[in-house]
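Enquirer: Put chain B on the given structure of chain A with help from the hints.
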Amino acid sequence: MSMKLRELIRKVRACKTVAEERAVIAKESAMIRTAIREEQVHFRHRNVAKLLFMHMLGYPTHFGQLECMKLCASPHFPEKRIGYLGMMLLLSEEADVLMLATNALKNDLNNENKFIAGLALCAIGNLATADMSRDLAPEVDKHLKSQNPYLRKKACLAMARCLSKCPDMVEDFVDRVVTLLKDKSHGVLITIVQLMTTVLMVDYKFAEEEGEDPFQTDCRKAFLRLVPTLAKMLRNLLTNTGFSPDHDVGGVADPFLQVQLLTLLRLLGCNNLEASEQMNDVLAQVATNTETAKNAGNAILYECVQTIMGTESEDGLRVLAVNILGRFLLNRDNNIRYVALNTLSRCIQEQNQMGRGDDALVSGMVNESANNAMSALQRHRQTVVDCLRDPDISIRQRALELIYHLVNESNVEQLTAELLNYLVLCPREHKADICNRVLKVVDRYSPNDRWRVDTLITTLTIAGREASNVFQSATAVYISRADRDTHAFAAHKLVKAIRDDDGSQTGLLLIGIWCIGEYGDLLLQPCTYVPQATDTDDLALASQSTPVTLEALAPIDVVQTIERVTEHHGCLEHIKNRALTTYAKLSNRFADSGDAVALGMINAVLTKHSTSRSLELQLRSCEYLALINAAKGVKSAPVPKEDDIFGVTSSVSNGDSVSPAVMKAAQDAIARMPVVDQKVLEKRLAAENMEDGGVTTTRPQRAAAPANGGDLLDLNDMFGSSSATPAQNGTSFAPVGEAAKSDMDLLSEVFSAQTSTAAAPSLGYDPFSAPAVAAPSPAFANPMDLFGAPPTTASATSTSLAPTSNTAIDLFGAPPVQTSAPVDLFGSISVASTPAPATPTKPRVMGFSHNGLSAEFEYSKPDPTNNQRSELAACFKNTTGSPVRGLNLQVAVPKYVQMQMDPPSSTTVPVSGGNAKEVTQKIVVTNSMLGTKNLMLKIKVSFTVNGQKMEHMATVSGFPVGEY
Amino acid sequence: MIRFFLLQNRQGKTRLSKWYVEPNSNSASGSASNSPELEKVRIEAEVHRLVTARDKKYTNFIEYNNYKLIYRRYAGLFFTIAVDVADNELCYLETIHLFVELLDSYFSNVCELDIVFHFNKVYSILDEFMLAGEIEETSKREILDRVKLMEKIE
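Same order as they appear, the protein sequences are chains A and B. Residue numbering for the first sequence follows this note's numbering, starting at 7 and increasing by one per position. Residue numbering for the second sequence follows this note's numbering, starting at 36 and increasing by one per position.
No lab work stands behind these hints, which were simulated from the structure alone. Keep in mind that a hint or two might mislead.
For lysine-lysine, the following DSS-like pairs were computed, each having C-alpha atoms within a straight-line distance of at most 25 Å [as the list claims (entries may be wrong)]:
1. A/K171 / B/K103
2. B/K187 / A/K33
3. A/K76 / B/K103
Cβ-to-Cβ under 8 Å is the rule here; a few derived chain A residues that face chain B [what the hints assert, rightly or not]:
4. C128
5. G131
6. D141
7. P144
8. L263
9. Y308
Heads up, the beta-carbon is just placed ideally off N, CA and C, and yes, glycines get one too.
One chain only, chain A, in its complex shape:
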């Protein structure tokens, strides 16, 4: 009734579908289970064999585990054999049943039959747990001394397993190992060498865990004495004295034993000069005498190279090793090329680390040998480069890694060209990584600025989509740092690249558009340069090379180029943003060209965007239009009345013209608009380089930059993105000292302010024409601190403000339309005499008090789980005697604070006292550097009282230190 194993296999093979097979197995499993339950002893052997087959097909067989144990205990050899086989396959180390096996194993180990003892040793070697190892180690040890080589070799490996499970037993077995090395049998020798390797590794790890010096353990010392013996064994294999035809593989004497010996020698020679010297000769012999026609020989050579590199070998030997690898690189077998590339890059990395880590004296020595090996390696450069064209990606990746390490001053141009070639071919997911590598290489080894810029632009042309923001900003920095000729070259090259592009290489477009705006005037002249020879060998050619001239462009062409980019259907908004900035810049750059058509076109494009559905674009284009018009002397925003915010302009601005001061300021502003704050960028770049130290990472805030809607280069850096550098923060809060600084910051703030426009009341809101009264929007919050002047000097009538600031305010829009009434100049006096406010439930801090309007900030922590977040409420108090209208509070915070502002409960503040309702405005701030930096607000309040427009600025910083 029970099926034979053979039948089951046949049945399963006959199954046409998986379902059918499953049914057969399910039926058979049921049969076996019944047999187990009914204790059908004769079928035990057959059932376990069937279970093994099912197990191999991936079906559950756990119910048969106990049957295996029973078979193991059987006195018959065939049953024992299948029992052990089942035990080794069906049971895993975690199985509880395994505990039961310990005793049976012990009995079998002591069996006279060498095959039974062998089976038990085999089982120990394959699945002994730590507990079993401890119990059975003495029995295994007995077999190490056995007369029979069959048992000796099995015992060696079983012991290796036991020792790796229980590292503390290592020391007891060291002596035994020494005697076994004298064995004649290859089988025992290879196992004992493997046992020694395992012991060394286990010992190393154990000593490290125990806090001892892993190179000074007793066990290692004992083994080190055997180095000459091991070297002799290896030499015997080479010289055929130990020749045995059984172990010969394709004319190589026992390659497995040779490889194992070399591995062991590597472990022993590592960090040990004496042992390394003892093995030097034999290593040289292996390296020179091994046959390379067959894979077996190459395996030995490969191991030998690793040993040479891993020990303190002589220089000559190292060069020999590199040359062997060089020969490997030329091999047609991919496997051999792969191991060569792999080993080479590992060696270089190790050497680099060593050179860095050691002190001067040692590193001098190491570097010398490293240099020898390095120069040997440089000879194989071309071979490595060829590997980049291999169809197998793993070879390409290895080669890339290696090339990256091979670059130096002399070969940078050639190797970078290869990297760029590869960049074109490689899969997209690797492009960003390669871009970063190109950047690092270019950064370190560029022969000149033009080449550097040229390479970076070419990279962007190939992989502008994938290049990280770091790459893009680095390109911008390098371009702007270079001399004027390079500027012209970069601008010309980028115009050409943008024209050729299909609008998908975002990075290229961003940098290109930026560069065109920055150096647009240079585009109007031809650019001539002498191309350099790419190789030093071509010196003759280089001297003959004729200068290449890039033709001058017409302004209209330049503008059209940019427009074509923005017209592209897939054009991203931040590219459009940058394009707008570029138009504004170009209007200045081309001003002297006298090309009215181009300038008209710029104006038209900007005007077109001023009705854009994107708030950001609209805002930007309106601002730029205003700026451009102001520069031309045309006042753009409709001004209903002459009462300008700052009395200065009101006296001069009549009709449609603006003051010359404003004009000049606007012109200045446009001219200097895109200041790339190089120092900030460079500092950041340096910080990044330090930070990632070889591995490429993209800083999160970098990635977030475009999302802020800002021009990464132009704007974000102004404020200093990193809160870690107090110096940068300092600049934005420092009182405005010089006009130049002021307008730069001013513009940056103007644009970055838009990040908070989300809170603006309506989408169609136009900052230029709407009266400020209607806009209690935080959109204007940021510009404030730019005026930066200390509150005391920033009075409404102050004439000491720089003219540029006036322009800015002008830009900000027309003054509110308000009724006239005499100014209550003395309003502020009455502040002092007002009765104390009703007892606040929350703590308050004084905000400001100006001309009768005062405000206090109520502060609290609404969210106990988020300490950084606090809620502020500005409570306004009016002591002027007449209602205050058109209240507009603007708040600026340092970069480490995030702020969200609600509109005020009312823009009209009634006279306080009585039952008049208090006007409040809620502000939620999150201090990301809580504890190290304190919350600080810069506020600007504007209001109208009795028809008189008032402005006041103040700093609020009285919040409890460390808590807000």
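Expert: For chain B alone, coordinates are given in the frame of chain A:
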């Protein structure tokens, strides 16, 4: 050392699988909820997928999890060994070849069916060849003698 030895056909049927290191203790990607048996089956399927997808021109090495797979194809059968990253790849290629030669001389011109129907013999050859993840004997004659001797006892 060797972590596991796999013998699969082109369709992904496992013909031999021998594990020297339990999968869960060492594989980083293995989900903890899986039992070792299920994990083994999962890895075997994944290895099959990786190995069969590779072009002939490619190397015979695949970096997988935190170890390396070294495979060799003989007709419709894939022999795969998983070893530590620092191990000598070329030497293991030779190991696979020696094992195939062993099978070939034992079954005299081995084919897949021999392995299917005599899998227990294949296992015992493997046990004489490798032990505890290391190579135990490299002489073909020695191994075959032992296996035949054992069969005689049965």
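Enquirer: Would you mind marking each hint as holding or not holding in the structure?
Expert: Verification of the supplied hints:
Restraint check: the Cα-Cα separation between A/K171 and B/K103 comes to about 23 Å, which is no more than 25 Å; the hinted pair holds. At most 25 Å may separate the alpha-carbon atoms for a hinted pair to count; B/K187 and A/K33 exceed this at roughly 34 Å. Under the criterion of a C-alpha separation no larger than 25 Å, the hint pairing A/K76 with B/K103 is inconsistent with the structure, at around 37 Å. The beta carbon of A/C128 comes within 5 Å of a beta carbon in chain B, closer than 8 Å, and the hint placing it at the interface holds.
Using the Cβ-Cβ criterion of 8 Å, the hint placing A/G131 at the interface with chain B is satisfied: the shortest such distance is roughly 4 Å. The beta carbon of A/D141 is not positioned within 8 Å of any beta carbon in chain B (closest approach about 17 Å), and the interface hint is therefore violated. For A/P144, the interface hint is violated, the least distance from its beta-carbon to any beta-carbon of chain B being 18 Å, above 8 Å. Given hint, A/L263 at the interface with chain B, holds; its Cβ is 7 Å from that chain's nearest Cβ, closer than 8 Å.
Because the closest C-beta pair between A/Y308 and chain B is about 5 Å apart, less than 8 Å, the hint holds.
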